[in-house]
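Enquirer: Residues per chain, in single letters:
There are 2 protein chains.
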Amino acid sequence: MGHTFPALLQRMQELKDLSGAIGLATWDQETYLPKKASEARAQQLSTLQALYHERLVDPRLGEALAWAAGQEGLTSDERAMVRVLAHERDRAVKVPAALVRALAEAQGKALVAWREAREARRFAHFQPALARVLALRREQADAYGHAGERYDALLEGYEPGMRVARLTPVLGAVRDALVEMVRVLAARPRPPDVLEGKSFDVEAQWRFTLELLEAMGFDTEAGRQDRSIHPFTGGTHPLDVRLTTRLFPEYPLSSVFSTIHECGHGLYEQGFAPEHYRTPLASAPSMGLHESQSRLWENVVGRSRAFWSHWLPRFREYFPAQLEGVEMDGFVRTLNQVHPSLVRVEADEVTYNLHIVLRYELELLLVADALPLDALPGEWNARMERYLGVRPKDDLEGVLQDIHWAWGEFGYFPTYTLGNLYAASLYRAAVAQVPGLEEGMALGNLLPLRDWLRAKVHAQGYRLPAEDLVRQVTGHGLTDADFLGYLRRKYGALYEVSLP
Amino acid sequence: MGHTFPALLQRMQELKDLSGAIGLATWDQETYLPKKASEARAQQLSTLQALYHERLVDPRLGEALAWAAGQEGLTSDERAMVRVLAHERDRAVKVPAALVRALAEAQGKALVAWREAREARRFAHFQPALARVLALRREQADAYGHAGERYDALLEGYEPGMRVARLTPVLGAVRDALVEMVRVLAARPRPPDVLEGKSFDVEAQWRFTLELLEAMGFDTEAGRQDRSIHPFTGGTHPLDVRLTTRLFPEYPLSSVFSTIHECGHGLYEQGFAPEHYRTPLASAPSMGLHESQSRLWENVVGRSRAFWSHWLPRFREYFPAQLEGVEMDGFVRTLNQVHPSLVRVEADEVTYNLHIVLRYELELLLVADALPLDALPGEWNARMERYLGVRPKDDLEGVLQDIHWAWGEFGYFPTYTLGNLYAASLYRAAVAQVPGLEEGMALGNLLPLRDWLRAKVHAQGYRLPAEDLVRQVTGHGLTDADFLGYLRRKYGALYEVSLP
Numbered sequence: 001m002g003h004t005f006p007a008l009l010q011r012m013q014e015l016k017d018l019s020g021a022i023g024l025a026t027w028d029q030e031t032y033l034p035k036k037a038s039e040a041r042a043q044q045l046s047t048l049q050a051l052y053h054e055r056l057v058d059p060r061l062g063e064a065l066a067w068a069a070g071q072e073g074l075t076s077d078e079r080a081m082v083r084v085l086a087h088e089r090d091r092a093v094k095v096p097a098a099l100v101r102a103l104a105e106a107q108g109k110a111l112v113a114w115r116e117a118r119e120a121r122r123f124a125h126f127q128p129a130l131a132r133v134l135a136l137r138r139e140q141a142d143a144y145g146h147a148g149e150r151y152d153a154l155l156e157g158y159e160p161g162m163r164v165a166r167l168t169p170v171l172g173a174v175r176d177a178l179v180e181m182v183r184v185l186a187a188r189p190r191p192p193d194v195l196e197g198k199s200f201d202v203e204a205q206w207r208f209t210l211e212l213l214e215a216m217g218f219d220t221e222a223g224r225q226d227r228s229i230h231p232f233t234g235g236t237h238p239l240d241v242r243l244t245t246r247l248f249p250e251y252p253l254s255s256v257f258s259t260i261h262e263c264g265h266g267l268y269e270q271g272f273a274p275e276h277y278r279t280p281l282a283s284a285p286s287m288g289l290h291e292s293q294s295r296l297w298e299n300v301v302g303r304s305r306a307f308w309s310h311w312l313p314r315f316r317e318y319f320p321a322q323l324e325g326v327e328m329d330g331f332v333r334t335l336n337q338v339h340p341s342l343v344r345v346e347a348d349e350v351t352y353n354l355h356i357v358l359r360y361e362l363e364l365l366l367v368a369d370a371l372p373l374d375a376l377p378g379e380w381n382a383r384m385e386r387y388l389g390v391r392p393k394d395d396l397e398g399v400l401q402d403i404h405w406a407w408g409e410f411g412y413f414p415t416y417t418l419g420n421l422y423a424a425s426l427y428r429a430a431v432a433q434v435p436g437l438e439e440g441m442a443l444g445n446l447l448p449l450r451d452w453l454r455a456k457v458h459a460q461g462y463r464l465p466a467e468d469l470v471r472q473v474t475g476h477g478l479t480d481a482d483f484l485g486y487l488r489r490k491y492g493a494l495y496e497v498s499l500p
Numbered sequence: 001m002g003h004t005f006p007a008l009l010q011r012m013q014e015l016k017d018l019s020g021a022i023g024l025a026t027w028d029q030e031t032y033l034p035k036k037a038s039e040a041r042a043q044q045l046s047t048l049q050a051l052y053h054e055r056l057v058d059p060r061l062g063e064a065l066a067w068a069a070g071q072e073g074l075t076s077d078e079r080a081m082v083r084v085l086a087h088e089r090d091r092a093v094k095v096p097a098a099l100v101r102a103l104a105e106a107q108g109k110a111l112v113a114w115r116e117a118r119e120a121r122r123f124a125h126f127q128p129a130l131a132r133v134l135a136l137r138r139e140q141a142d143a144y145g146h147a148g149e150r151y152d153a154l155l156e157g158y159e160p161g162m163r164v165a166r167l168t169p170v171l172g173a174v175r176d177a178l179v180e181m182v183r184v185l186a187a188r189p190r191p192p193d194v195l196e197g198k199s200f201d202v203e204a205q206w207r208f209t210l211e212l213l214e215a216m217g218f219d220t221e222a223g224r225q226d227r228s229i230h231p232f233t234g235g236t237h238p239l240d241v242r243l244t245t246r247l248f249p250e251y252p253l254s255s256v257f258s259t260i261h262e263c264g265h266g267l268y269e270q271g272f273a274p275e276h277y278r279t280p281l282a283s284a285p286s287m288g289l290h291e292s293q294s295r296l297w298e299n300v301v302g303r304s305r306a307f308w309s310h311w312l313p314r315f316r317e318y319f320p321a322q323l324e325g326v327e328m329d330g331f332v333r334t335l336n337q338v339h340p341s342l343v344r345v346e347a348d349e350v351t352y353n354l355h356i357v358l359r360y361e362l363e364l365l366l367v368a369d370a371l372p373l374d375a376l377p378g379e380w381n382a383r384m385e386r387y388l389g390v391r392p393k394d395d396l397e398g399v400l401q402d403i404h405w406a407w408g409e410f411g412y413f414p415t416y417t418l419g420n421l422y423a424a425s426l427y428r429a430a431v432a433q434v435p436g437l438e439e440g441m442a443l444g445n446l447l448p449l450r451d452w453l454r455a456k457v458h459a460q461g462y463r464l465p466a467e468d469l470v471r472q473v474t475g476h477g478l479t480d481a482d483f484l485g486y487l488r489r490k491y492g493a494l495y496e497v498s499l500p
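Residue numbers (the numbering used here), protein chains in the order written: chain D, 1 to 500; chain U, 1 to 500.
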């Protein structure tokens with residue numbers, strides 16, 4: 001057929017450019033799209049996604065990839081490009097078009113039913129639509145194929161290479177340790193919120209977030225920040241990375257931490273190697289590893305005393321009246337309140353992972369068809385009580401709180417905790433490998449950390465699966481030890497207690 | 001082959017959605033794109049355009065269109081959709097891929113050469129690159145096919161249905177009349193600029209332009225205004241129309257008239273009929289007719305005394321100090337200064353069309369290969385002197401001033417004057433058909449004009465060729481009479497002189 005690598009590369013570039021167009025249309029949808037254009041934009045996105053899918057499953061691309069997989073003369077990066085794209089294509093090819101359409105339709109209906117169920121605060125209104133989505137996702141998992149554990153086939157879509165057999169023991173250890181830790185911390189007096197009841201000008205907040213972006217080394221000539229209802233990171237290219245944040249007068253920490261979080265994602269995207277641009281390697285190897293960057297910056301760095309040693313005085317210059325009398329100890333305790341609660345998205349970094357483990361355990365049962373859906377709310381509530389000691393008073397506070405399942409996103413939740421675990425391991429390695437890292441941070445110097453992450457993680461792109469990359473950088477793969485050790489040290493000191 | 005109209009419609013929608021994605025990427029390029037992403041964006045646009053082209057020339061689309069052209073049962077709108085798309089496709093199919101590539105390359109080089117030539121202020125630096133573009137455009141025109149007049153084949157790309165044989169006598173009459181009119185007006189004392197030397201806060205200018213948009217009936221829930229270096233109208237859909245303007249402290253009329261101008265285009269885009277959305281009918285039938293809307297609003301309305309009867313007092317509320325002592329007569333004369341000059345984009349509405357006629361005449365010669373390129377600057381300068389009585393001191397002030405030829409845009413210039421001619425005819429019809437139009441306008445009521453244009457022009461979409469649509473609305477086709485009559489009345493009164 002006369003295959004050449006440049007011809008294959010051109011197909012890769014075309015797919016990346018199409019992804020970029022989808023990224024732009026999605027970003028615009030959440031930032032600047034006029035109100036009446038929402039249906040038009042959904043149609044445009046659907047067309048672009050269908051085109052992407054069509055180019056991906058094109059048999060001629062399959063032939064070119066098969067040819068390239070057999071070539072001896074390719075560089076290791078070229079071989080990795082072929083491997084990554086072939087993996088994406090193989091999964092796409094395995095799902096019949098009728099199933100893709102049925103899933104899209106079922107997800108659309110499930111979103112509507114989920115919203116109605118939330119209005120009524122009753123899971124029963126959502127249950128039939130969820131059952132349909134779940135049945136189709138099971139069918140899809142079987143179409144992808146798996147070695148007995150169906151959940152693996154869905155997890156693969158978010159966390160390539162990760163398996164239930166590897167993940168369950170780690171998350172089980174996290175759960176058991178956190179249940180004990182939360183029990184101890186929840187018994188201590190809750191530290192006061194030193195910012196409560198004050199108002200912070202949103203334009204000043206905006207300028208402060210821009211200063212943070214600059215200090216973290218986000219390149220504003222290769223990206224930008226805008227406002228949206230839900231903060232996210234998107235864009236079209238490593239030189240065009242788009243962050244959003246949101247600003248509330250009463251909650252200045254919301255914009256601060258959403259900017260730091262999204263900037264963590266954004267630095268990953270900006271850090272891909274120029275030689276990987278417009279190829280499958282300009283991509284994180286997993287959602288968990290991507291999330292590790294946002295959580296490393298948001299929690300490990302952004303909620304640390306070292307970070308605020310520099311930034312609290314600066315923050316005070318923006319808001320002198322509101323920060324009068326606020327001292328470092330009280331401020332850092334405010335940032336790190338541990339408090340068992342019902343809602344995942346409001347959870348602190350200790351209790352958060354129990355919310356995730358709960359969802360992971362229920363997903364395993366649901367995907368295996370081992371839990372009848374009408375028992376789901378009860379199982380949810382029972383586990384909330386067991387893990388966090390709190391019980392939802394209705395389904396809105398419980399099983400209806402997340403949109404993910406209506407979207408059919410089974411297998412996604414564990415990537416959040418993987419992010420926390422990888423973040424702790426990577427940060428520990430950074431401290432060990434970069435002399436004076438935290439001392440510099442206390443003086444406002446964040447670039448050594450960014451540069452280390454860029455070299456060790458970002459610039460590697462998708463050369464290796466996530467866990468292999470973490471192992472290469474830290475000397476070990478997925479572990480709960482670094483994360484639990486980090487929590488014990490940090491919260492032991494903050495709450496002046498010895499943690500189990 | 002089992003063709004159906006819904007299947008063909010889906011292809012039409014896909015093409016429109018792809019155009020929308022191109023529109024978004026282009027808008028973003030001029031508004032929010034980070035600086036370092038310009039090459040990445042050019043690549044993304046090139047990929048999207050190549051995909052659009054590929055889908056357009058797809059032989060299966062050709063078969064479906066041929067099938068549909070033979071169907072009796074289609075509605076007249078469906079037949080028009082088939083006709084418009086088949087016309088676009090037929091032209092695209094006629095140009096060999098090698099010629100498309102050669103043209104893109106030659107235009108790229110010509111742009112570079114044009115910029116270098118402007119630096120050196122010498123046409124000779126641009127001449128070889130221009131010769132190449134011109135040769136390829138001639139080749140392309142012959143590939144399109146024509147009945148002897150090669151220019152017709154290029155004009156067709158901007159002004160479908162218009163022909164040199166129809167256009168030349170009209171433009172000749174415009175030229176002869178304007179040369180006389182300009183001679184008389186240029187001999188009168190030039191009215192003073194009542195805003196000269198004052199500074200106008202750009203944020204206040206911005207708010208004033210938003211108020212203008214609102215008053216003109218631009219739907220800001222189906223569109224938006226942003227800032228860019230060069231004002232333009234773009235967008236992705238009739239419910240997502242994007243205008244831009246620019247703000248200079250010293251020239252408040254720049255933002256005012258660029259907003260009014262682009263809003264004229266934007267109202268056209270917003271005015272397409274919902275049943276035409278995502279079909280070839282949601283499109284103006286020609287660039288000249290599109291331009292008629294921007295020029296009708298900018299010049300005929302926006303520079304009229306009636307319009308400012310309402311808006312000057314309002315403008316004064318925004319800028320009381322700057323407008324102190326400025327009265328209506330002096331203000332309207334400032335908006336309508338006639339002054340022969342060298343630069344098209346700075347020309348007033350009387351002299352402007354002589355700049356266009358000059359270019360049209362030279363283009364006719366160039367495309368026919370009847371003027372050696374080294375004689376072009378001299379021809380330019382001689383005609384400037386003959387038509388406007390001014391002579392460029394070098395090529396930068398002359399033949400190098402426009403980017404269009406470097407882009408290969410031969411056939412584009414006459415659409416500007418067609419816009420002025422159609423605007424005058426349409427406005428005359430509006431005044432005749434809408435009782436109290438100008439009296440209402442003097443009270444700030446612009447919606448009757450918008451609604452008339454929407455019903456008569458915008459909502460018709462691409463059902464008819466431009467001149468047929470104008471004939472349907474006004475009772476006659478292209479004519480110089482309405483425009484020349486409008487100029488004579490307006491400038492005769494303003495300059496207190498009887499115009500030839």
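Hints are computed from structural coordinates only; laboratory data are not their basis.
Remember, predicted model here, so these are calculated numbers, not experimental data.
Please note: incorrect hints may appear among the correct ones.
Remember, identical chains collapse to one label, so a pair may be satisfied in a single copy or spanning two.
In silico DSS-like pairs for lysine-lysine, Cα to Cα no more than 30 Å straight-line [to be verified]: (1) K36 - K456; (2) K35 - K456; (3) K198 - K490; (4) K198 - K456; (5) K109 - K36.
Enquirer: Which hints from the list above does the structure break, by number from lowest to highest?
Expert: Those not satisfied come down to hint 4.
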